[in-house]
Amino acid sequence: MDIIFKIVAIGLITCVTTIIVKPIRNDFAILISVVGGLIILFLIINYLTGIFNTLQNIIGITNLNSSLYKILLKIIGIGYLIEFTAGICIDTGNNSLADKVLLGGKIIIMVMALPIITSILEIIMELLPS
Amino acid sequence: MDVDIIFKIAAIGILTAIIGQVLKQAGKDEISTLATLAGLIIVLLMVINLIADLFSSLKTIFNF
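These protein sequence lines map, in sequence, to chains A and B. Take the first sequence: its position 111, counting from 1, is numbered 109 in our numbering, and each next residue is one higher. Take the second sequence: its position 55, counting from 1, is numbered 93 in our numbering, and each next residue is one higher.
Hints listed in this document are in silico derivations from the structure and should not be mistaken for laboratory results. Computed from a predicted structure; not experimentally measured. Among the hints, a few may not be true.
Not close to chain A: a few residues of chain B, all C-beta gaps over 12 Å, as computed [claimed, not checked]:
id	residue
1	Asp40
2	Val41
3	Ile44
4	Lys46
5	Gly58
6	Gln59
7	Lys62
8	Ile69
9	Gly77
10	Asp91
List time: in silico DSS-like cross-link candidates among lysine-lysine, alpha-carbon distance up to 27 Å [to be verified]:
id	chain 1	residue 1	chain 2	residue 2
11	B	Lys46	A	Lys68
12	B	Lys46	A	Lys98
13	B	Lys97	A	Lys4
14	A	Lys104	B	Lys97
15	A	Lys4	B	Lys62
16	A	Lys20	A	Lys4
17	B	Lys62	A	Lys20
Here a beta-carbon is modelled for each residue, glycine too, at the ideal position from N, C-alpha and C.
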């Protein structure tokens, strides 16, 4: 597990470089922190594929509807993207813009989760005695 | 994916700051502004490439 040392090292290097560059050029310091975050994401993205393949195998064993699993995957992806973008917005000082990005992500996740909610409601309606 | 790009961006930032200062001292304000802008655009291009890579790999992983 030497990847954890890589992640720690990249985080520390990004912090130090940002501190050095910030008094000289403020805009470049923000870009450096963005790139540091991107590199850490690239390091962990291979592990994400392993996790999702295992989850896919488990879902295949349990005979669940795989469309629900795909919706869940998409929601997780949207969560990661929105969190990353909102973090950049907060770093650059645009707190209100970060709030709007988070609100947009929540609404998109709600829209994508509607089929799951309707299927749960249908199951409940079938269980209820008419 | 390596750490080189962080140092590259830091070096470009410091270099453009120095070049801008020198040009400003020499009285060429408009060229100094252009040099600063060019440095910013170069770094933005590097960052945009990284972001495009991230989006494409996320699309393949999460089946968008």
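Structure versus earlier hints, numbers of those that do not hold, lowest first: 1, 2, 3, 4, 5, 6, 9, 10, 11, 12 and 15
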